[in-house]
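> What follows is the residue order along each chain.
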Amino acid sequence: MIILNINGKEQSLDVADDMPILWALRDFAHLTGTKFGCGMAQCGACTVHLDGQAIRSCITPISAAAGKRITTIEEMQNDKVGQVVQAAWQEIDVVQCGYCQSGQIMSATALLTTNQKPTDADIDAAMSGNICRCGTYPRIRAAIHNAASKLA
Amino acid sequence: MNAPLKNTPLNISRRTFIKAGALVVGGLVIAFSIPHAKRFLMPGSAADVAPDAAKDAAKLPTPNAFLRIGTDNTITVMLAHSEMGQSIWTTLPMLIAEELDADWSKIKVEHASAAPEYGHTAYGIQITGGSSTTWSEFDRYRQAGALTRALLISAAAEKLGVPTDSLKTENGFVISGDNKISYGDLAEAAAKLETPKSVTLKDPKDWKIIGNATKRLDGPEKINGTAIFGQDIQFEGLMTAMVARSPVFGGKLKTFDASATKKIKGVQKVVQVPTGVAVIADNYWAAKTGREALKVDWDLGENASLDSNALFAEYKKLAATTGLIAAKAGDNKTTMAKSERFVEAEYALPYLAHSPMEPLNCAVKIEKDACEIWTGTQMQGTDQAAAAKILGLKPEQVKIHTLFLGGGFGRRANPAADFVSEAVQVAKAAGVPVKTVWSREDDVKGGYYRPMFVHKAKIALDANGMPTAWEHVAVGQSIMLGTPFEAFQIKEGIDATSVEGTADSPYLKSIPNHQVSLHTVKSTVPVLWWRSVGHSHTAFVMESLIDELAHLAKKDPLEYRRALLKDHPRHLAALNLAAEKANWGKPLAKGLFRGIAVHESFGSFVAQIAEVSVDKREVKVHRIISAIDCGLAVNPDSLKAQMESSVSFGLGAALQSEITFKDGMVVQSNFNDYQVMRMGNMPKVEVYIVQSTEKMGGVGEPGLPPVAPAVTNAIFAATGKRIRTLPIGNQLA
Ligand code: FES
Ligand code: FES
Numbered sequence: 001m002i003i004l005n006i007n008g009k010e011q012s013l014d015v016a017d018d019m020p021i022l023w024a025l026r027d028f029a030h031l032t033g034t035k036f037g038c039g040m041a042q043c044g045a046c047t048v049h050l051d052g053q054a055i056r057s058c059i060t061p062i063s064a065a066a067g068k069r070i071t072t073i074e075e076m077q078n079d080k081v082g083q084v085v086q087a088a089w090q091e092i093d094v095v096q097c098g099y100c101q102s103g104q105i106m107s108a109t110a111l112l113t114t115n116q117k118p119t120d121a122d123i124d125a126a127m128s129g130n131i132c133r134c135g136t137y138p139r140i141r142a143a144i145h146n147a148a149s150k151l152a
Numbered sequence: 001m002n003a004p005l006k007n008t009p010l011n012i013s014r015r016t017f018i019k020a021g022a023l024v025v026g027g028l029v030i031a032f033s034i035p036h037a038k039r040f041l042m043p044g045s046a047a048d049v050a051p052d053a054a055k056d057a058a059k060l061p062t063p064n065a066f067l068r069i070g071t072d073n074t075i076t077v078m079l080a081h082s083e084m085g086q087s088i089w090t091t092l093p094m095l096i097a098e099e100l101d102a103d104w105s106k107i108k109v110e111h112a113s114a115a116p117e118y119g120h121t122a123y124g125i126q127i128t129g130g131s132s133t134t135w136s137e138f139d140r141y142r143q144a145g146a147l148t149r150a151l152l153i154s155a156a157a158e159k160l161g162v163p164t165d166s167l168k169t170e171n172g173f174v175i176s177g178d179n180k181i182s183y184g185d186l187a188e189a190a191a192k193l194e195t196p197k198s199v200t201l202k203d204p205k206d207w208k209i210i211g212n213a214t215k216r217l218d219g220p221e222k223i224n225g226t227a228i229f230g231q232d233i234q235f236e237g238l239m240t241a242m243v244a245r246s247p248v249f250g251g252k253l254k255t256f257d258a259s260a261t262k263k264i265k266g267v268q269k270v271v272q273v274p275t276g277v278a279v280i281a282d283n284y285w286a287a288k289t290g291r292e293a294l295k296v297d298w299d300l301g302e303n304a305s306l307d308s309n310a311l312f313a314e315y316k317k318l319a320a321t322t323g324l325i326a327a328k329a330g331d332n333k334t335t336m337a338k339s340e341r342f343v344e345a346e347y348a349l350p351y352l353a354h355s356p357m358e359p360l361n362c363a364v365k366i367e368k369d370a371c372e373i374w375t376g377t378q379m380q381g382t383d384q385a386a387a388a389k390i391l392g393l394k395p396e397q398v399k400i401h402t403l404f405l406g407g408g409f410g411r412r413a414n415p416a417a418d419f420v421s422e423a424v425q426v427a428k429a430a431g432v433p434v435k436t437v438w439s440r441e442d443d444v445k446g447g448y449y450r451p452m453f454v455h456k457a458k459i460a461l462d463a464n465g466m467p468t469a470w471e472h473v474a475v476g477q478s479i480m481l482g483t484p485f486e487a488f489q490i491k492e493g494i495d496a497t498s499v500e501g502t503a504d505s506p507y508l509k510s511i512p513n514h515q516v517s518l519h520t521v522k523s524t525v526p527v528l529w530w531r532s533v534g535h536s537h538t539a540f541v542m543e544s545l546i547d548e549l550a551h552l553a554k555k556d557p558l559e560y561r562r563a564l565l566k567d568h569p570r571h572l573a574a575l576n577l578a579a580e581k582a583n584w585g586k587p588l589a590k591g592l593f594r595g596i597a598v599h600e601s602f603g604s605f606v607a608q609i610a611e612v613s614v615d616k617r618e619v620k621v622h623r624i625i626s627a628i629d630c631g632l633a634v635n636p637d638s639l640k641a642q643m644e645s646s647v648s649f650g651l652g653a654a655l656q657s658e659i660t661f662k663d664g665m666v667v668q669s670n671f672n673d674y675q676v677m678r679m680g681n682m683p684k685v686e687v688y689i690v691q692s693t694e695k696m697g698g699v700g701e702p703g704l705p706p707v708a709p710a711v712t713n714a715i716f717a718a719t720g721k722r723i724r725t726l727p728i729g730n731q732l733a
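Residue numbers (the numbering used here), protein chains in the order written: chain B, 1 to 152; chain E, 1 to 733.
In isolation and in its complexed conformation, chain E is listed as follows (with noise of 0.2 Å):
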């Protein structure tokens, strides 16, 4: 997966077709094709059809290209990936033009089309998710960027008659000499040429621009309202469509009154789709309040009596029990036998919504063999087969336009393709171009869950106080479960989603007996990845398990942790890190504790030290000291910002986020109940990254996990008080 830090000659493998073509304005197009790894294609979807190994990349088409240089200077790159707020839009072309030695200031970025072509590196469908972007594509815009110059030298060459090694290149020209010729006045004959058998991509000793801290490219459209959001698509003939959807999962329609919907002004269409019934109007106003005079009767369901009390109560009864083994080793019975002291707890956490900040949406429009859609998606591979199937076309008469997403958080990535394959439908039933919206309250009550967890656990220590068994239950529900991916990721009944974070966990390998045992429990809540997935209450229940461990043990809980993970040097690296910047061991100002956890994720390395006051029982987090070793940062202020970005988001659902369910349905309803973290209650957040050059994690991730374990292990030291339910809410009250 990762590219190795070297200058290695690349050689373009027989696998990897590359064309060179002129573009009908002029100009020269890269465009590769990468055979995918198979992992995750699924039956039906566009990559299925993916060129293979055989075809001729002649017949690759150039549309499907990763970058495109204009007789006038301009430098287009395309992004196989989405931007949601993670930087891609900046980081990708920082891999092209540090290879092709660009002027920065001639950059534009797109979003690239759905396409075989844009397919994962390593998942094979079109996805942005894992925190696995950066990685993924290193070596790929690398190469594209590689690949360009290497073509431009060779026109510049046989332009000036020179060898191609007497030529240089900087700042988007080929150098020779005095002479120097832009990358625009060379990309019509580099168009013509064949492209190299290999490439060396350069020697990191010689990047100019990965590494360094860059601005973002789409930060000037982002300040002055002119970004386009996939809400803000508008054009001549687009209606606006509100779904009323059933009040409990797994209701169905049994019959509706639409005759007061129909007089309201700007209302057009009232009409069933498979998911409710689609309120059709000129403009939002008209949609929502038509929606809101619709007389729906719904079938409830077999969940028209769903409790979270009744829920956990019994989660908790099957944690009781041992579910499918996820891992084991040594023998816990016989130590437990022998053992005197336990720590015995058992951890609850709620489903929690993603609740972008952008409500999702999508617009479609339909023409015979044809159809367009404009959405913020994560999964375009996903989405436009699943347009396809309901339309009965091709996936390639499917064309997807991705507009910024105004967040993502995995809600956006969903195998059920669920919010852009209903808008086909409402598309499809309405007969005219149409968009459909959803309000936050549609967001918040509307699914596609964090899933709900209860984790019991008991650990026996010895006399020093160290772990020598560990008794590990999950209860949840499934992620992978009924989904494409279920082949890949399920093995043996285990979820390895449900599981990440315990299973694999670097302190049960030092333990020698040990036992993490599952209940997949099934549901018709949907429930899907949300930020740092099972990672977001793995890391929680382990890294307050090892607090409660380390305090029943009398040891200090850095120390603690630094024996366990003695053999894990990423870890300890994170872990030290931090340490250092927090002045662990340091009294810390009157009133304030400090708390620390740390967690893998996704490939990376996460420290974390949280400064926390309770005061009339009241929790303020004052600062987060965050370390990280991701391996190579590309781009370290992004980094940072993902870092700060993963402590809000996690802080905010471990103070005070949950989605509840009473009589069948969702309690919450918007942002004044399902509350969200604030400028008022954000810490200082104090990134630090660990120079390190092991193999390339994620980012986008991997900060939030340890965040919650390390305020509620910062509670504990204020207070004596063990936080085992999130949120934290009045808990302390």
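Okay, chain B solo, but in the shape it has when bound (with noise of 0.2 Å):
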């Protein structure tokens, strides 16, 4: 039994310590707004914020969440800059698949939230762990740039 402070409740679920997030999150909190995409931190579809911070959850145990706060796309709507970020993404009608675009809009609010003026050059370093096999990458930058000019 582990007890975790998921968007802003505490909960406690049945699961081994070593559980990534990922699971613990869509088979035990049935949150299925993070995705799966590939299990070793290498697409991004999984990420979401630990204490504010974007990770990845398919990679990070369950036990290193103790004591910290987990925070999920599902949440979103709540958080300050996320709901700018999703706001950008509705105008520049990013999405195709969506699979991908909880992870990049985590990515993208974890990003905005330390960088409000982030150039192209940042944009490429915090978003090119995120996989959009849609190709909405240059939606994902227009939005992102609409987002920073929103929260200017």
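Hint data in this document are derived by calculation from the structure and do not stem from the laboratory.
By construction, the Cβ of each residue, glycine as well, lies at the ideal position given by its N, Cα and C atoms.
If we take Cβ atoms under 7 Å as the criterion, some of the chain E residues that face chain B in the derived model are: (1) 644; (2) 670; (3) 679.
Join the two chains, each given in its own frame, into one complex according to the hints.
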């Protein structure tokens, strides 16, 4: 049994210590917005925030979350930066299949939380760990700039 | 296939059955049955039992509807096709809403169930593929909208006691002078009326929705994490399974030892299935660790020493000989004997995995005389038939819930129904509802690849540098062989998908002597259509060869193409628009070089110009300027998105993707070594649309084929090195 803070709520889950956060979220907390894409920190689909930092939940064991706050895509509508990012995503009509987009939004939100005016190079650095097989990259870039202009 | 773009009074032919009916919960439902083109019908598929022209429309089950209007004014559009990113979730409702004068904010969308009535209007079975959804549904979905509008008008006329022609419709209302009645308020009365014998579709000049950039209806749920993909299905009692499969294609299970697996917490069962050994557990992590603990002994079979280098050598040997003739004109031999200048070149392309972002998965629940399947599939028709066959059920006893697809690119349209069949086998063997999931490694190693290909060409040039004879040999596996599509796609030994883009090339039409031949290699490596199918290799080869010719002839590559394509106005229109937007012929910033390519596929014509720099032997693609003629652009913004997407998919593959074999096994395993496009190497993509009233083509794939040659032609311009093997990888190092 492990006690976790997920999206501001304390929850106790009966999972082994070494289970990645991803599977605890999806299969035990039933928060399926966080996606599985590779299982080895290669694609970013599983990105969540741990105390506000973007992490790959597929390789981070649940034990690492003890005493910390896990924030997922489901909570972004209540996050000040997350809201702006989601609105920008909607305005630019970024998504295609949508499967990578939870992770993209989590990475973009983490970027904009610490860097309110990212350059293209900053975006490349922060977002290159998030694969989009549909190739929405140009729109993701545009949406991040759009969100940055609204946060300014 | 195409609707004439006029306000044609549409006679509902006697072959088309329409049924308007009442909804149990109140409201109107419009069901259709259009006998399908029989081209791709398969034995045993549900389409076989499609209601034929003699059956009464009244017998149509109303759930097989295209459109429902609720008394609460919601308009639910049922999609006969699957949403996998291409935005059909928005484009098909646009067609209905246009003719219906619907209130766009009241539109809801659902994937239709699997049923013969949802068969592809050209292919017969229920399938999403071939970049065909919009053109193939352009009539059917507009008809559904127009018919519904006619019924609502009749209902309003009756209610108000006025003639129908005194009424108009707007934004979800029937309007009579100052009176307006909402569609929801008319739905029940409309459901009781006879369906009209004919309706008139709108004149294109009156379109308010078609042709306008329209935001995706599935945007919000894909932004807030609530969209449900196959992977996200959960219900009480549903277990997760992972299957250990042979590490070599064609290998067979000898024995297995599950004792360590069974000790893992959460593992419930281990069962043997035709494809291997399935570990069934309470959750993914238990299934994964359980599978890792399995000890399996395989008989690796005849492919145990499969090796890509040896394969390429074998293909190249074959390419030196003539294969089965796919196209032939004039007399190559005599012309070549008289010629002095030639281009002779060999091109090679690897196997490629689709690797959609969402790994494959399929949930199955089997009950007495029934089966329910939840998955993201592009091919409900074959999946349903395959599941029924395994379970000894009738196709209609298998219910398929299509969920959002986390990408398809062809992988989720498999005539062999591989991942669905396997999931059904697992659920059957386990005796409980099971979701079978693939890891990324399973996806990369598990096959159904774009076939590897070798092309060899010898082309003779005349004194003006123009080609006079073209000898072309292609070597590769057939996608269609052994599938139910074989009878339609393979003619005299030639799989049309192996030679599309070569045998029918517009360049060859302008060259009096030419021959294209094909060697079809047999292999147990499973192959499948990969976004743009045969064009994914043929465009690279043809557009590179044309560039080689232009260079040898010392001509501008654009002018050279224009000369050869002078009788192909749609190619020219795309070329000219791209050239204009790219300022072709004007100098570029220092260090940047251009390459150009143009290719027709899926009824659309795309020209692309790549701007590339090569610095310290490192290729950087800065910008891709694309121009497309696809006929009518129903939703120009989703068209642009598809072009961007195709560039990303094609360029990622051209730069770095390959599946290779060593000691019988696939070398690559995950995105660390099966490299795909990422943010950092994605170029700017500009998309321009040729204003066109020509026949409609597709947009999901045609943006892909020209990108690789546009880039390698630019690399040639930059370095003088001709890239003839993909991926580009570190060939410049
Ligand atoms: S699933 Fe975690 S990075 Fe890919
Ligand atoms: S939107 Fe499909 S993978 Fe990104």
